[in-house]
Amino acid sequence: MDYATLLQLLDSTLRLGTPLLLACLAGLYSERAGIFDIGLEGKMLMAAMSAGAVAAMTGSVWLGLLAAIAGSMIFAILHGVASITFRGNQLISGVALNFLASGITVLIAQALFGQGGRTPPLTGDGRFNPIVLPFAEALKDVPVLGPLYFEVISGHSILVYAALAFVPMTWWLLYRTRFGLRLRAVGENPASVDTAGVSVKGLRFAAVMITGVLCGVAGAYMATALQAGFGREMTAGRGYIALAALIFAKWRPWQALGATMLFGFFQALALRPDVVEAVVGRKVPVSMLDALPYVLTVLVLAGFVGKAIPPRAGGDPYVKER
Amino acid sequence: MTLMKHLAGAAATLALTAGAALADPAIIFDLGGKFDKSFNEAAFNGAERWKAETGGTYKELEMQDEAQREQALRRLAEAGSNPVVMTGFAFGDVLSKVAPDFPDTKFAIIDVDWLDMPNVTQVAFTEHEGSYLVGMMAALASKTGTVGFIGGMDIPLIRRFGCGYAQGVKAANPDANIVLNMTGTTPSAWNDPVKGSELAKGQKAQGADVIYAAAGGTGVGVLQAAADEGILSIGVDSNQNYLHPGSVLTSMLKRVDNAVYDAFKAGADLTPGVTVMDLKAGGVGYAMDENNAALVSAEMKAAVDAAAEKIMSGEIVVHNYTTDNTCPAATF
Numbered sequence: 000m001d002y003a004t005l006l007q008l009l010d011s012t013l014r015l016g017t018p019l020l021l022a023c024l025a026g027l028y029s030e031r032a033g034i035f036d037i038g039l040e041g042k043m044l045m046a047a048m049s050a051g052a053v054a055a056m057t058g059s060v061w062l063g064l065l066a067a068i069a070g071s072m073i074f075a076i077l078h079g080v081a082s083i084t085f086r087g088n089q090l091i092s093g094v095a096l097n098f099l100a101s102g103i104t105v106l107i108a109q110a111l112f113g114q115g116g117r118t119p120p121l122t123g124d125g126r127f128n129p130i131v132l133p134f135a136e137a138l139k140d141v142p143v144l145g146p147l148y149f150e151v152i153s154g155h156s157i158l159v160y161a162a163l164a165f166v167p168m169t170w171w172l173l174y175r176t177r178f179g180l181r182l183r184a185v186g187e188n189p190a191s192v193d194t195a196g197v198s199v200k201g202l203r204f205a206a207v208m209i210t211g212v213l214c215g216v217a218g219a220y221m222a223t224a225l226q227a228g229f230g231r232e233m234t235a236g237r238g239y240i241a242l243a244a245l246i247f248a249k250w251r252p253w254q255a256l257g258a259t260m261l262f263g264f265f266q267a268l269a270l271r272p273d274v275v276e277a278v279v280g281r282k283v284p285v286s287m288l289d290a291l292p293y294v295l296t297v298l299v300l301a302g303f304v305g306k307a308i309p310p311r312a313g314g315d316p317y318v319k320e321r
Numbered sequence: 000m001t002l003m004k005h006l007a008g009a010a011a012t013l014a015l016t017a018g019a020a021l022a023d024p025a026i027i028f029d030l031g032g033k034f035d036k037s038f039n040e041a042a043f044n045g046a047e048r049w050k051a052e053t054g055g056t057y058k059e060l061e062m063q064d065e066a067q068r069e070q071a072l073r074r075l076a077e078a079g080s081n082p083v084v085m086t087g088f089a090f091g092d093v094l095s096k097v098a099p100d101f102p103d104t105k106f107a108i109i110d111v112d113w114l115d116m117p118n119v120t121q122v123a124f125t126e127h128e129g130s131y132l133v134g135m136m137a138a139l140a141s142k143t144g145t146v147g148f149i150g151g152m153d154i155p156l157i158r159r160f161g162c163g164y165a166q167g168v169k170a171a172n173p174d175a176n177i178v179l180n181m182t183g184t185t186p187s188a189w190n191d192p193v194k195g196s197e198l199a200k201g202q203k204a205q206g207a208d209v210i211y212a213a214a215g216g217t218g219v220g221v222l223q224a225a226a227d228e229g230i231l232s233i234g235v236d237s238n239q240n241y242l243h244p245g246s247v248l249t250s251m252l253k254r255v256d257n258a259v260y261d262a263f264k265a266g267a268d269l270t271p272g273v274t275v276m277d278l279k280a281g282g283v284g285y286a287m288d289e290n291n292a293a294l295v296s297a298e299m300k301a302a303v304d305a306a307a308e309k310i311m312s313g314e315i316v317v318h319n320y321t322t323d324n325t326c327p328a329a330t331f
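For the record, the sequence lines run as chains F and Z.
Numbering of the first sequence is given in numbering that gives the first Met the number 0, commencing with residue 0 and proceeding in unit increments.
Numbering of the second sequence is given in numbering that gives the first Met the number 0, commencing with residue 0 and proceeding in unit increments.
Keep in mind that a hint or two might mislead.
Which bits of chain Z does chain F cover? Going by a derived footprint, with three or more residues having C-beta under 8 Å, they are [said to hold, decoys possible]:
| no. | segment |
| --- | --- |
| 1 | 171-183 |
| 2 | 192-199 |
| 3 | 249-256 |
| 4 | 266-273 |
Below, a list of computed lysine-lysine pairs in the DSBU-like style, where the Cα atoms sit at most 35 Å apart [said to hold, decoys possible]:
| no. | chain 1 | residue 1 | chain 2 | residue 2 |
| --- | --- | --- | --- | --- |
| 5 | Z | Lys96 | Z | Lys169 |
| 6 | F | Lys282 | Z | Lys58 |
| 7 | Z | Lys300 | Z | Lys58 |
| 8 | F | Lys139 | Z | Lys264 |
| 9 | Z | Lys58 | Z | Lys309 |
| 10 | F | Lys249 | F | Lys200 |
| 11 | Z | Lys33 | Z | Lys58 |
| 12 | Z | Lys279 | F | Lys282 |
| 13 | F | Lys306 | F | Lys282 |
Since the hints were derived computationally from the structure, they do not count as laboratory data.
Remember, it's a predicted structure, so these values are computed and weren't measured experimentally.
Just so it is clear, CB atoms sit at the ideal spot from N, CA and C, and this is done for glycine as well.
Here chain F stands alone, though its shape is the one from the complex (with noise of 0.2 Å):
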């Protein structure tokens, strides 16, 4: 493999990875606070129609991205209200709100454009079209970094580095706010937080309209910036696959970042046959690289990559007074 393989590799790493870094940084803060969220996929599938829907009618995808974390955040208010208020089970809340989610995304788009459950082709600025950074064409021609800033790191959309921008902000929101201290501490232990005096309620809908925002950025990046529309379930699982990168990174932010990008590689990876080939030397079959994130999930569950342990008060509905 030369480098300028690698660096497509990395390119498509990128493009890959960022709906599974903002699906599982929206994961992040929900689980954090005690809130498990099988619901991702759902959001997102929901973003995405609204985005593709809302673009292609006004024609602006800024526009659609407010729509795309209005549609997800409605959701995520469903599952707050399901799971919070009326302390129903957050797997079953999430996995009935995937299927709605499924269903009702199809069922919206064709009742708008007739299309068969597609959102009409977007152009121009309908779409978030690739960004070249400053110097980008300057450097170019810079020995191994210039090509690496030119190919992999410029030329994306804006969502790419809004998302990158997230796992800094979202560390400092967790780690050096006090905020971000009560947040975990809900999903730990939420009687010392509402002995305190502080609303486990409200600490916990906050977290989920987090993530309904950050689900919302990422359907909006695969409806308007990776595709020109929404398609039927075109979210194809990344909802889970950033599940399971949640558990691989341990709920940490930085690891979040690391373990997406990975799985994005190997998502690359797969589609790239040819290279993986020239580099072990046989042919390896497309469903194994497929299959290796969640292999490698199974592995940190099992205990051999360290040892992941969830938010102590993660799934169990808070009830103040018994």
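Position chain Z relative to chain F; hints supplied.
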């Protein structure tokens, strides 16, 4: 509220159609969906043409998942639809189970030619011949000498596309390099445009400047990426030239619409057996219209048309992958 109305309306329509017992034809679309802009949409267009010409009505069903196949087929047959048309090889096994239970119902299935039943009509297309023609055109249009092929699910039928394409490419440019990719090994490979886009970008990185997508709904992503990257693409099944004018070099036409139209028109008198729609019968071909007129030069068209003549006269025999599961021009 409008949403509730839609839901209620859908439920009411279902209830009505289930009760009626008219000998209307019916069609079941495969997983890519009725509006995949490709294979299933061609079938839909054929059904619509029949409707417009005869003023008749027909029933339709779109598959949502694998598990529905048998149920959907039985339901339409029980409701008295005749004939029942299925788009896609994936119905083959299910049909062989269901057809004997409804001896008075005629079934027509596209892309299948291995069933032997008295009430089943099978329509097979010679995709390798059509793909050969677009392969020639790809090689003639390519400046880098490298062309790409992106298939949907990795099945012999799609390899037949890829193999015919590779033979056409080699016929026009023996030194050409062909990059072959399949999207996946499950039916979801027909509907993953994001993966299609990434595959197309990967092939461009390997030097391909013309990419042929035979991948149903995934192809939409391939064509999109090709347009974004400023390279050429080739559509499949339906005429997809209009999707990105100036970027789609041509489309390999597979006249599924004609097959569906003929089946609907024959109605209950559909004759069982295997129909092969080849180049000669107008079953396959390539698309020319105002969207790609500027991309295809007169020499290219002349060369491809000459090859088409030779295929029809039998002078050129395009190897069919599914006869012996080998391909002389490419390895999968």
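Problem set entry | 35 Å limit on alpha-carbon distance, applied to hinted pair lysine 249(F) and lysine 200(F) | holds, 24 Å
Problem set entry | 8 Å C-beta test of the segment 192-199 of chain Z against chain F, three or more residues | Satisfied; 6 residues make the cut.
Exercise. Between lysine 306(F) and lysine 282(F), is the straight-line Cα distance small enough, at 35 Å or below?
Worked result: Holds. Lysine 306(F) to lysine 282(F) sits at ~33 Å (cutoff 35 Å).
Exercise. Regarding the pair lysine 33(Z) and lysine 58(Z), is the alpha-carbon distance no greater than 35 Å?
Worked result: With Cα atoms ~13 Å apart, lysine 33(Z) and lysine 58(Z) stay inside 35 Å; holds.
Exercise. Does the alpha-carbon distance linking lysine 58(Z) and lysine 309(Z) stay inside the 35 Å limit?
Worked result: At roughly 41 Å apart (the allowed maximum being 35 Å), lysine 309(Z) and lysine 58(Z) break the hint.
Problem set entry | Hinted pair lysine 139(F) and lysine 264(Z), Cα distance within 35 Å | Not OK: lysine 139(F) and lysine 264(Z) at ~62 Å, beyond 35 Å, violated.
For this session: Take the segment 266-273 of chain Z, compare each residue's beta carbon with every beta carbon of chain F, and decide whether three or more fall closer than 8 Å.
Result: Our answer is that it is violated, as 0 residues pass the Cβ test (under 8 Å) against chain F, missing three.
Exercise. For the segment 171-183 of chain Z, do three or more residues have a beta carbon lying closer than 8 Å to a beta carbon of chain F?
Worked result: Since 4 is at least three, the answer is holds.
For this session: Please work out if lysine 279(Z) and lysine 282(F) have their alpha carbons no farther apart than 35 Å.
Result: Given that 35 Å is the threshold and the Cα spacing comes to 39 Å, the pair is violated.
Exercise. Given the hint that lysine 300(Z) pairs with lysine 58(Z), does the C-alpha gap stay at or below 35 Å?
Worked result: Outside the cut-off at roughly 40 Å; violated.
Exercise. According to a criterion of three or more residues whose C-beta lies within less than 8 Å of a C-beta of chain F, is the segment 249-256 of chain Z covered?
Worked result: Violated - the segment 249-256 of chain Z has 0 residues with a Cβ nearer than 8 Å to chain F, which falls short of three.
Exercise. Are the Cα positions of lysine 282(F) and lysine 58(Z) separated by 35 Å at most?
Worked result: violated, 46 Å
The structure shown violates the earlier hints numbered 3, 4, 5, 6, 7, 8, 9, 12.
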